[in-house]
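A.B. asks: Sequence:
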Amino acid sequence: MSGHSKWANIQHRKGRQDAKRSNLWTKLVREIIVAARIGGGDPDGNSRLRLALVKARAGNVPKDTIQNAILKGTGQLEGVSYEDVRYEGYGIGGAALIIDCTTDNRVRTVADVRHVLSRNGGNMGTEGSVSFLFKHVGQFFFAPGATTEDQLMEIALEAGADDILTDEDGSIEVTCEPAQFEAVSQAFEAAGLKPEFAEITYKPLNETKLEGEDAAKMQRLIDALEELDDVQQVYTTASFDEAE
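If you're matching positions, the sequence shown starts at 1 in our numbering and goes up one per residue.
By construction, these hints were calculated from the structure, which means they are not laboratory data.
Any given hint could turn out to be false.
Said to hold, decoys possible - Straight-line C-alpha distance at most 25 Å; calculated DMTMM-like pairs for lysine to aspartate or glutamate:
1) 203 <-> 214
2) 209 <-> 150
3) 194 <-> 214
4) 55 <-> 127
5) 63 <-> 88
6) 203 <-> 168
7) 55 <-> 83
8) 203 <-> 84
9) 194 <-> 163
10) 209 <-> 104
Said to hold, decoys possible - Just the calculated beta-carbon pair ranges, DEER-fashion:
11) 146 <-> 50: 23 to 31 Å
12) 150 <-> 110: 46 to 54 Å
13) 206 <-> 110: 43 to 51 Å
14) 64 <-> 162: 22 to 30 Å
Cβ atoms here follow ideal geometry from the backbone N, Cα and C, with glycine treated the same way.
Please model the complete structure; the sequences and the hints are all you need to start from.
C.D. replies: Given below as structure tokens:
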């Protein structure tokens, strides 16, 4: 039978991200450069850079490459100047999309994003057209059976988390304000608890459930967007039913 599982959706998304995107290093390095340019090269005083470094190490980016990216961001090494840019739009079934990019050429990036959307059944929206459908949060997911809600509640709430939700599939989601992400993460680490998935993200306030061919089309659209070098992250209200 088919069932909607938040955990299945998270695993599905993470698995696809890990398995594809040969340009992953490019994206990670660009994020380090921009983070260092905006907040400086010292990760102790730059939370965005700290998170970028965690992702880069998890992605096996070489230490020299990481250090050079920091130096380029701070202007100590010559390099391309990147900036953040965001686009909003719609995919299959009216599912909303936020597309975060890091680019050295806005004209190229917007053309590439618009082309992918139009070829795959989506369309570009205006600024602010869908962002109100999302909330900016720190998000942690624990696998079914990994821990209990009571255990997490004691640790997470004291560290500044806002909410703890147990899904029907047994997975547990913890959310917090982005500014509290590090504190909550460190509290889990100190308690010996390792979430399967942790990030600062844009969480949909309501999901657009897709299945069958609509789900397949939406996945192709997201894949095509994520394959663009300039696209750092795609957030969507779409969720996909998983066959069980």
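A.B. asks: Let me make sure I understand: some of the numbered hints might not hold for this structure. Which ones are they, in numerical order?
C.D. replies: When the structure is compared with the hints, numbers 2, 3, 4, 5, 10, 13, 14 turn out to be violated.
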